[in-house]
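Since the structure of chain A is already known, use the hints to place chain B on it.
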Amino acid sequence: GAGVSQSPSNKVTEKGKDVELRCDPISGHTALYWYRQRLGQGLEFLIYFQGNSAPDKSGLPSDRFSAERTGESVSTLTIQRTQQEDSAVYLCASSHAGGYNEQFFGPGTRLTVL
Amino acid sequence: GIQVEQSPPDLILQEGANSTLRCNFSDSVNNLQWFHQNPWGQLINLFYIPSGTKQNGRLSATTVATERYSLLYISSSQTTDSGVYFCAVGFFSSNTGKLIFGQGTTLQVKP
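Protein chains in written order, with this note's numbering: chain A, 1 to 114; chain B, 1 to 111.
Bound-form chain A, shown alone (with noise of 0.2 angstroms):
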């Protein structure tokens, strides 16, 4: 496609219930990051994934969080048993090699744990 897409726009969960969120990088884009913004705030990286190298994890808030990529495609964020802090707008964001690059965004999954 022309931008990254992201699925679902938005998901509403009730605490304790696992989600799943979807990225879809700018095709040709090895580098793909999830960011986390929540309300009024700036956005927090959470993980960044290159090719086939081991993936930074840094910014991962708790071992609830995991995300998955397979080669240089489609990548899927999991928050397991969801908390309330959890609530906020992922976005996911691609780049071309190397982590100078441009990044561009897409339009974010809204999360609201009830």
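FYI, nobody ran anything at the bench for these hints, they're computed from the structure. Just so you know, not all the hints are guaranteed correct.
Said to hold, decoys possible - Residues from chain B that keep clear of chain A, each with C-beta distances beyond 10 angstroms, as calculated:
1) N31
2) Q42
3) L43
4) N45
5) V64
6) L99
7) G104
What the hints assert, rightly or not - Cβ pair distances, simulated, as ranges:
8) G28(A) <-> A17(B): 38 to 48 angstroms
9) T76(A) <-> S28(B): 26 to 36 angstroms
10) S9(A) <-> I2(B): 29 to 39 angstroms
Heads up, the beta-carbon is just placed ideally off N, CA and C, and yes, glycines get one too.
For chain B alone, coordinates are given in the frame of chain A:
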């Protein structure tokens, strides 16, 4: 620690006015981007500018990497310029390309 600070936090302008938004950062950078977040939450790329000066229509940006700041200029502002402007920085000291975001400048342009 690594920091990105934006100023001012809030800005109210009359349509047609000019403005300057500032981003200060604490270390050497290999990436600096300016974004506009529209009311629907979409981040729109304005500039990729780790150094130098760029212009795009009514917008322009300058990054002086040696002095660790970047400026975003908006001229002849329009109501559609309203929203939140973010500066995001990638640092050489990071092993990956993660961006560190400032807290944003919320701009309101009144007709």
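Hint check results:
no.	hint	in the structure
1	N31	violated, 5 angstroms
2	Q42	violated, 5 angstroms
3	L43	violated, 4 angstroms
4	N45	violated, 6 angstroms
5	V64	holds, 18 angstroms
6	L99	violated, 6 angstroms
7	G104	violated, 6 angstroms
8	G28(A) <-> A17(B): 38 to 48 angstroms	holds, 41 angstroms
9	T76(A) <-> S28(B): 26 to 36 angstroms	holds, 34 angstroms
10	S9(A) <-> I2(B): 29 to 39 angstroms	holds, 32 angstroms
The earlier numbered hints that this structure contradicts are 1, 2, 3, 4, 6, 7.
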